[in-house]
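Participant: Assemble the whole structure, with the sequences as input and the hints as a guide.
Those protein sequences? They're chains A and B, same order as listed. Positions 1 to 347 (UniProt numbering) are the ones given, in order, by the first sequence. Positions 1 to 347 (UniProt numbering) are the ones given, in order, by the second sequence.
Just so you know, the hints here were simulated from the structure itself, not pulled from any lab data. Backbone N, C-alpha and C define an ideal beta-carbon position, used for all residues, glycine too. Treat the hints with caution; some may be incorrect.
Ranges of calculated distance between the beta carbons of each label pair, as one might list FRET restraints [to be verified]: (1) 99/A - 58/B: 38 to 46 Å; (2) 282/B - 299/A: 27 to 35 Å; (3) 330/A - 165/B: 51 to 59 Å; (4) 227/A - 226/B: 53 to 61 Å; (5) 328/A - 235/B: 39 to 47 Å; (6) 333/B - 17/A: 21 to 29 Å; (7) 32/A - 102/B: 35 to 43 Å; (8) 74/B - 247/A: 53 to 61 Å; (9) 326/B - 336/A: 49 to 57 Å; (10) 280/B - 299/A: 26 to 34 Å.
There are 2 protein chains.
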Amino acid sequence: MEPFPRSGYAGGQIMRKPTIQDVARQAGVGVGTVSRVLNNHVAVKGATRETVLKAIADLDYTPNPHARRIAGGKSYTISVLLPVLTTEFYVRLLDGLETAFQEARYDVAIFPLLDRSRLERYLGSHTLAYQADGLVMATYNLTKMFHERRLRTQQPTVLVDAYADSVDSSFMDNVAGGRMAGEYAVTLPGALYAVWVETELDQLFTTRVFEDRRNGFLGALQAAGRAVAAEYTSSFDSLTARNTACTVLDQAQAAGLPCTVFASADMLAGALLDEVRLRGLQIGTDVRVIGFDDQPWAESRGLTTLHQPVESMGYEAAQLLLTRLNGYKGPARARRFEPRLVVRGSA
Amino acid sequence: MEPFPRSGYAGGQIMRKPTIQDVARQAGVGVGTVSRVLNNHVAVKGATRETVLKAIADLDYTPNPHARRIAGGKSYTISVLLPVLTTEFYVRLLDGLETAFQEARYDVAIFPLLDRSRLERYLGSHTLAYQADGLVMATYNLTKMFHERRLRTQQPTVLVDAYADSVDSSFMDNVAGGRMAGEYAVTLPGALYAVWVETELDQLFTTRVFEDRRNGFLGALQAAGRAVAAEYTSSFDSLTARNTACTVLDQAQAAGLPCTVFASADMLAGALLDEVRLRGLQIGTDVRVIGFDDQPWAESRGLTTLHQPVESMGYEAAQLLLTRLNGYKGPARARRFEPRLVVRGSA
DNA sequence: TTGTACGCGTTATCAA
DNA sequence: TTGATAACGCGTACAA
Chain A
1 MEPFPRSGYA GGQIMRKPTI QDVARQAGVG VGTVSRVLNN HVAVKGATRE TVLKAIADLD
61 YTPNPHARRI AGGKSYTISV LLPVLTTEFY VRLLDGLETA FQEARYDVAI FPLLDRSRLE
121 RYLGSHTLAY QADGLVMATY NLTKMFHERR LRTQQPTVLV DAYADSVDSS FMDNVAGGRM
181 AGEYAVTLPG ALYAVWVETE LDQLFTTRVF EDRRNGFLGA LQAAGRAVAA EYTSSFDSLT
241 ARNTACTVLD QAQAAGLPCT VFASADMLAG ALLDEVRLRG LQIGTDVRVI GFDDQPWAES
301 RGLTTLHQPV ESMGYEAAQL LLTRLNGYKG PARARRFEPR LVVRGSA
Chain B
1 MEPFPRSGYA GGQIMRKPTI QDVARQAGVG VGTVSRVLNN HVAVKGATRE TVLKAIADLD
61 YTPNPHARRI AGGKSYTISV LLPVLTTEFY VRLLDGLETA FQEARYDVAI FPLLDRSRLE
121 RYLGSHTLAY QADGLVMATY NLTKMFHERR LRTQQPTVLV DAYADSVDSS FMDNVAGGRM
181 AGEYAVTLPG ALYAVWVETE LDQLFTTRVF EDRRNGFLGA LQAAGRAVAA EYTSSFDSLT
241 ARNTACTVLD QAQAAGLPCT VFASADMLAG ALLDEVRLRG LQIGTDVRVI GFDDQPWAES
301 RGLTTLHQPV ESMGYEAAQL LLTRLNGYKG PARARRFEPR LVVRGSA
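Facilitator: In structure tokens, the structure reads:
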């Protein structure tokens with residue numbers, strides 16, 4: 001261990017993190033006053049506030065979040081619980097969340113939900129995740145867990161990309177997205193096919209995203225007096241996607257082109273584009289493809305798809321949580337975001 | 001606010017998180033003894049330990065990490081700083097890390113490095129990331145930042161999937177991986193091509209992974225008196241990968257088949273397989289492809305590739321950090337993992 | 001408007 | 001081997 005001087009400086013360098021005591025001493029005030037400045041209390045004279053702020057800047061002081069938490073206050077920390085982050089979607093979501101929280105001077109820590117046991121571990125105990133001032137939970141449909149009180153969220157919680165009636169939520173209207181796809185699809189010539197993403201088996205840990213898209217799509221078709229020629233289900237990996245694409249096109253070719261395929265995720269749509277090209281068919285005439293997500297590559301591949309305001313959704317989720325942290329006690333609020341159909345060459 | 005009873009129970013339910021005081025009272029011992037049990041101190045009589053553990057279980061007590069941090073300097077929290085997690089690689093890496101840390105009863109929080117400014121934000125201040133007991137930093141080559149003292153890691157740090165001489169590290173020997181690919185490639189008929197992944201422009205924030213693979217590969221070719229017919233660079237997105245695949249095959253077909261292509265990431269290899277198939281060529285005879293990563297889909301697509309023991313690498317990184325946290329003060333250690341060539345149909 | 005003193009839940013020290 | 005008690009850094013009554 002290196003020497004650990006209890007006081008101030010050594011060779012111009014602070015050897016130990018300055019505390020509120022150091023700031024108080026430096027500014028010639030009491031610790032209470034420094035604390036009041038830190039927490040934007042009204043009862044501080046302007047001149048005093050300036051002195052304290054200067055001392056804080058001089059010492060490069062930052063409050064210790066753990067001590068804040070212990071003292072009964074807040075730790076200025078938010079936990080974000082996300083499914084495994086292998087898509088662009090979560091990167092954008094995080095961007096929106098972090099932007100909003102940073103503006104409010106909150107730190108955010110991410111806890112990846114690699115599997116279900118982790119949810120319970122994160123929430124069931126002493127973990128940091130649970131000790132945060134607020135919780136953001138993404139994508140999973142936790143309604144049942146709330147109802148069954150298996151999720152006892154002592155601290156303010158907001159759902160993003162998911163909905164439950166008992167907590168604040170900020171989400172995409174996937175039903176509307178599916179409907180938009182459907183309403184556009186029925187204007188195109190030929191038979192209609194759809195590819196869905198398989199949701200997890202575990203009921204409590206599942207997402208309704210793709211179910212909603214399906215309901216919206218089928219609803220729009222029904223309203224137009226149409227129906228799908230066939231539906232398929234794929235899981236969210238590239239190999240299965242490619243196999244599914246083959247199956248879809250086999251059947252579509254057998255039944256006769258042209259046709260339109262609604263792929264409920266761009267990744268599936270991409271596999272379809274590949275397979276169409278592979279078979280020497282014309283995208284946009286023989287086979288039309290509508291995706292969902294508007295991934296970064298969608299534009300350059302000319303994919304017609306539903307664009308989601310993901311960053312805004314994250315930003316708004318953060319705002320909902322921040323109002324709770326600032327004392328809002330009203331009923332659960334739901335912020336619904338609508339996707340936008342982006343028509344490109346593929347349909 | 002609901003009533004907030006200071007003591008024990010209400011209707012069989014604990015209204016407030018039990019503290020070490022509650023446990024001590026319940027077990028009929030002092031708080032010091034409880035603390036000793038919690039921290040596995042030797043000087044606790046077996047019978048006393050049992051009593052305390054029972055009280056802990058009865059009350060469903062878990063220590064408050066913030067209080068621990070304040071009192072003892074340890075919070076039992078590890079920060080993991082990762083590049084954006086859009087690949088399977090980081091999921092597996094996290095799995096290895098979390099497994100090891102959980103065994104040692106540490107919590108881990110993830111801080112995604114969406115961009116460079118976040119690195120400085122995470123480390124420069126009061127943030128949770130910085131307040132953790134230890135730091136795991138993945139992939140990026142931060143050597144220069146350490147040398148320039150732009151990264152002042154007060155707490156133990158370990159690099160994973162990266163190397164710097166001043167800190168502990170656990171990493172893949174990508175040079176060896178490249179060499180293995182090269183040594184195998186030279187046994188195959190036809191011209192040799194290689195596709196690399198573009199590294200970021202920012203010097204301080206770059207990774208050496210692909211540079212290493214290249215050096216290994218070219219070294220093996222040189223040792224065999226061979227050379228690549230051409231090299232290509234692609235960025236890590238599917239669109240560029242597909243374009244690059246086209247370019248490679250255009251040139252390879254013009255120069256004459258068969259040929260072998262070393263793609264320094266499975267994602268690039270996958271694009272090549274697609275394009276080969278698209279052109280009606282035979283994979284494994286006309287065009288042989290060697291990948292790198294052994295992604296989950298590699299087996300079913302028959303991709304010859306380099307398998308990386310990613311989980312082990314993460315697990316070992318965690319172990320290195322844990323020894324530091326337990327007081328190890330020795331010089332920086334480097335744990336090198338070797339990839340393994342998995343020969344399948346593609347080459 | 002400001003300073004003092006207490007409490008938060010834990011670890012560490014010291015005496016028993 | 002154990003129990004009391006002093007820190008740890010901060011928020012906040014309460015007194016001034």
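Participant: Does each hint hold? Answer for all of them.
Facilitator: Outcome of the hint check:
no., hint, verdict
1, 99/A - 58/B: 38 to 46 Å, "45 Å, holds"
2, 282/B - 299/A: 27 to 35 Å, "34 Å, holds"
3, 330/A - 165/B: 51 to 59 Å, "56 Å, holds"
4, 227/A - 226/B: 53 to 61 Å, "60 Å, holds"
5, 328/A - 235/B: 39 to 47 Å, "44 Å, holds"
6, 333/B - 17/A: 21 to 29 Å, "28 Å, holds"
7, 32/A - 102/B: 35 to 43 Å, "41 Å, holds"
8, 74/B - 247/A: 53 to 61 Å, "55 Å, holds"
9, 326/B - 336/A: 49 to 57 Å, "50 Å, holds"
10, 280/B - 299/A: 26 to 34 Å, "29 Å, holds"
Violated hints: none; the structure is consistent with every hint.
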